[in-house]
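For reference, the chains in residue letters:
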Amino acid sequence: MALSGIQIYKMLPQTNCKECGFPTCLAFAMKLAAKQVELGTCPYVSDESKKQLAESSAPPIRLITLKANGTELKVGNEVVMFRHEKTFYNKPGLFLRVKASDPDITKKVATADAYKVNYVGMDFTLNGYAIEADGDLPAAVKAVRSVTKRPLMLIGSDAAALDSSLSLLAGEGTLIYAADSSNYEALAEVAKKHKAALVVKSDSLDDLADLTKKVQAKGVEDMVLDLGGKNLGEWLTRSTQARRLALKSNFKPLGYPTIFFAAQNGTDKEAIYAAQAIAKYAGFVVLDTFAPEMIYPLLVLRENIYTDPQKPIQVQPGIYEINSPKPDSPVLVTTNFSITYFAVANEVEGSGLPAWLVVTDAEGMSVLTAWAAGKFDAERIAKAIKGFDVASKVSRKRIVLPGHVAVLSGEVEEELPGWEVRVGPREAVDLPAFMKQALN
Amino acid sequence: MPIEITKDKWPGSIKAITIGATAAEGGTRTKAITVGGGTTMPYLQFEAPTPNKPVIAIEIKSRKPEDWSPLLAEVWGEAMADPAQWAQKAEEAGAGLIVLALTVEDSVEDAVRVVKSVLGAMGLPLIVWGPGQAEKDNELLVPVSEATKGEKLVLGICEDKNYRTIVATAMANGHLVQSRAPMDVNLSKQLNILISDMGIPKDRILMDPTTGALGYGIEYGYSVMERLRLAALQGDVMTQFPMIVTPGFEAWKTKEAKVGEGVPEAWGDWKARAINWETLTAMSLVESGADIIVLRHPESVKRIKEAIEELITA
Ligand code: B12
Ligand code: SF4
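Residue numbers (my numbering), protein chains in the order written: chain A, 1 to 440; chain B, 1 to 314.
Derived by calculation from the structure, the hints in this document are not laboratory data. From a predicted model like this one, the values you see are computed outputs, not experimental measurements. By construction, the Cβ of each residue, glycine as well, lies at the ideal position given by its N, Cα and C atoms. A few of these clues could be false.
[Claimed, not checked] Each pair of labels, with its calculated beta carbon distance range:
no., chain 1, residue 1, chain 2, residue 2, range
1, B, K9, A, A58, 26 to 32 Å
2, A, P309, B, G120, 44 to 50 Å
3, B, A272, A, K436, 29 to 35 Å
4, A, E221, B, K202, 52 to 58 Å
5, A, D136, B, K9, 51 to 57 Å
6, A, G40, B, D8, 37 to 43 Å
7, A, S249, B, Q133, 50 to 56 Å
8, A, A373, B, K116, 39 to 45 Å
9, A, S146, B, D8, 49 to 55 Å
10, A, S182, B, A24, 57 to 63 Å
11, A, S182, B, P2, 20 to 26 Å
12, B, P11, A, I6, 31 to 37 Å
13, B, P11, A, P309, 22 to 28 Å
14, A, A114, B, K7, 46 to 52 Å
Construct the complete structure from the given sequences, taking the supplied hints into account.
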């Protein structure tokens, strides 16, 4: 729990020497509590106080960073139970599990690593690979590292094999899975030596909390929790309890991100298990199946859940050229909500038909939402057409409105004398056909 | 050392609401269904058990829909042209409820006949939606409501611009109503107040917070549902109605579900993707507190039912 100004004041020298630039230690303490200054500004804080203050200001869920050659993944540092209370910050890492014993391991990882999917202008990929040590682990690590630059997770309990594998990944931030009460000493040793993060595993929160304390005492700070749990319900319970303890009670022994294996009860449940993990606080989600038809919706779900509720994803208003339009190409009008813009832009682009796409400033709302909120009306549309000087670009003064706002066509005609106003289809999917048939 | 697990204690709870009436209760359903009653955030079994399992409804139409995905046509086949047969198949597919959506082409006689034939063909409780145009909704729903007096159907969809006629006929004939507001806690409350003010008993309202599909606004509905549930638990009476959501309708509108060709290769296999789109949309809403989940594909029904079973048997 963050300390109050008074609590911090008690830990300061209380000499009011002013070297920090504040008239009194109390004034400095107040600023510190408000996180407006750095503790280092006071040269006289005792080491003991420094330690206490650092602990109290540490985030309730530790930020874990995994690194590889050029890519980085940050997980943790969350502050709320429900996204509307603020936002969820660091998206869970999606890892694909591969087996060291698999002769096709290199090919599998190479295929998965090439996977990239675009959602509203953003490219999404998997975040890393989990290599299971059911064969020659160092050899598998070498093979995988030769085809991907993403962070790795090593699944195994043989400290020597982990040690030699991690030696191959010098300078990286790797995740080791997993320490339990029987092997934590050896694994903590390896994690410490290689600056790796360590998953700590137990089937009860009580034991897990004991274990993280023991691992910490061995000098490992970066931990991830495997909460166990036999099914969706049990995992939801534990995940909620751990998050609450960390956030509401500032219970440090469980203040770490969690990991969840989506295929633990079979690949037919993998998508749904992963979906719950994404919505309900997992820091890492491990998949067993590389299937674009599952990974794409999961990546979209993750993006949706982690979108800041305060800020709808928007594109810049303006006039966008699609497929190199000419002066006689049609002018299509839409709003600047990202999902709306890309639904239309992707459709037209895919059809190969040239068009001018006028994106009005509708404060990041969809067509109907903006219309209902008065942010997409004849006046705004006319303002965009005039403001972006569309007339200077086209030879034929004709605009196409989204079918959902057909009611606006009369008013738009009044606002834009000399322009022909056409009503397009309701859904973007039908635009190419409309452009071919109706716009000649 | 055992950790002290804090449990949230709430003053309020979700109302338990029963849909459908058996012969003993003045209807013809083989079984009535009760939803709601929750006293915690969804599925937190360590605080209290989930008193009534959320229920899956399957959506069927009064006429063969021409614009549905071929993937849906493939699984329902001929039955799509015959609502009674379709409803039977939906019951076999594991539905706990049927949603019958009427269309603008239906005459009053068609509507009444179809509703009666569906009720005759299967024993599940029934939700009937008008075509979604105020005048036509009222024209069809009133005679349907009268012809099925005492069945405890759910009639919908009531929106702020059109709820009076539907609520009045539901009251007169012992049915329930579905109240939909566009993804906003205050608008939901307001509409529920207006509907309750007409005098309909509070155990006859289902609340529809409006659903957006995965990738098309799901996060708005997700958060509004969590906020409605929190408000209900805090004791706000006008948010304590069970929630009905429509992931089937929304997901099958998306390009990801609807279109099989000319889409990016990274979208993967069409059929599997479409079903994932529906199930992941639905699963997110299950997590955020849905009590009735309206779906279209039998495979999604199976998966979501299994998930709910796991969530309540922790
Ligand atoms: C998500 C959502 C919201 C989100 C906002 C999301 C956003 N950033 O816009 C929130 C929760 C904030 C919201 C708020 C409101 N909403 Co709202 N919302 C929705 C919802 C669920 C989905 C909208 C969406 O994102 N669609 C996806 C995008 C891609 O669709 P689209 O922009 O229409 O684009 C498609 C087509 O129009 C077409 N297209 C687009 N451009 C063009 C251009 C051309 C030329 C052509 C041919 C086609 C075309 O292609 C796209 C894909 O097919 C809908 C209901 C629903 N399920 O559809 C209600 C809905 C749009 N909302 C509605 C309302 C009333 C509101 C509010 C006024 C209510 C309120 N809460 O106060 C507010 C207004 C905002 C405000 N005052 O701040 C109503 C509108 C009713 C009406 N017909 O007037 C709807 C329809 C819900 C309903 N049934 O009542 N909403
Ligand atoms: S520098 Fe340190 S000791 Fe001096 S006034 Fe500031 S807080 Fe107090």
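Status of each hint after checking the structure:
1. In this structure, B/K9 and A/A58 meet the distance hint of 26 to 32 Å, their C-beta atoms being roughly 30 Å apart.
2. Checked against the given bound of 44 to 50 Å, the beta carbons of A/P309 and B/G120, roughly 47 Å apart, stay inside it.
3. A hinted range of 29 to 35 Å for the beta carbons of B/A272 and A/K436 is consistent with their spacing of about 31 Å.
4. About 53 Å separates the C-beta atoms of A/E221 and B/K202, a value consistent with the hinted range of 52 to 58 Å.
5. Hint check: A/D136 to B/K9, Cβ distance near 54 Å, so the stated range 51 to 57 Å holds.
6. Range check, A/G40 to B/D8: Cβ separation about 39 Å, and the 37 to 43 Å hint holds.
7. The given range of 50 to 56 Å is respected by A/S249 and B/Q133, whose C-beta atoms sit roughly 53 Å from each other.
8. Taken as a hint, the range 39 to 45 Å holds for the pair A/A373 and B/K116, whose Cβ atoms sit roughly 42 Å apart.
9. Under the hint 49 to 55 Å, the C-beta atoms of A/S146 and B/D8, about 50 Å apart, fit the expected range.
10. Between A/S182 and B/A24 the Cβ separation comes to about 60 Å, which falls inside the hinted range of 57 to 63 Å.
11. Range check, A/S182 to B/P2: about 21 Å between beta-carbon atoms, so the 20 to 26 Å window is met.
12. Between B/P11 and A/I6 the beta carbon distance is about 34 Å. The supplied range of 31 to 37 Å therefore holds.
13. One distance hint, 22 to 28 Å for the beta-carbon pair B/P11 and A/P309, holds here, with the actual separation near 26 Å.
14. For the pair A/A114 and B/K7, the beta carbons lie near 47 Å from each other, so the given range of 46 to 52 Å is met.
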